[in-house]
Amino acid sequence: MTRYYLAMAFVFATFLGQAQTPTNTGGGVPTELPPDPTPVPLDGGASLLLASGVAYGLKRLRQRRAH
Numbered sequence: 001m002t003r004y005y006l007a008m009a010f011v012f013a014t015f016l017g018q019a020q021t022p023t024n025t026g027g028g029v030p031t032e033l034p035p036d037p038t039p040v041p042l043d044g045g046a047s048l049l050l051a052s053g054v055a056y057g058l059k060r061l062r063q064r065r066a067h
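Numbering-wise, our numbering puts 9 at position 9 of the sequence shown, and it's gapless, one number per residue.
Calculated from the structure, these hints are not laboratory results. Idealized CB from N, CA, C, for every residue including glycine. Hints are supplied without guarantee of correctness; some may be wrong.
[Said to hold, decoys possible] Pair ranges (Cβ atoms, derived):
{"id": "1", "residue 1": "ARG65", "residue 2": "PHE12", "range": "39 to 47 Å"}
{"id": "2", "residue 1": "ARG62", "residue 2": "ASP36", "range": "27 to 35 Å"}
{"id": "3", "residue 1": "LYS59", "residue 2": "ASP36", "range": "20 to 28 Å"}
{"id": "4", "residue 1": "PRO37", "residue 2": "LEU6", "range": "27 to 35 Å"}
Can you make the complete structure from the sequences, with help from the hints?
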């Protein structure tokens with residue numbers, strides 16, 4: 001039952017954590033939208049991290065089978 005509550009809390013936290021874009025309601029001074037975020041190239045680092053994780057997992061499996 002605790003896992004259920006923890007999972008539901010995680011789902012609600014992700015929905016609440018998403019940013020809302022400001023809207024202009026038509027009154028007062030119009031709000032200025034922030035500039036677009038700078039794109040970050042995650043391809044090189046993420047693929048190296050994934051490859052090292054797979055290599056480590058294979059190494060651990062081979063060690064476990066050897067004993």
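Exercise. Honestly, which of those hints from before does the structure not fit?
Worked result: Hints 2, 3 not satisfied by this model.
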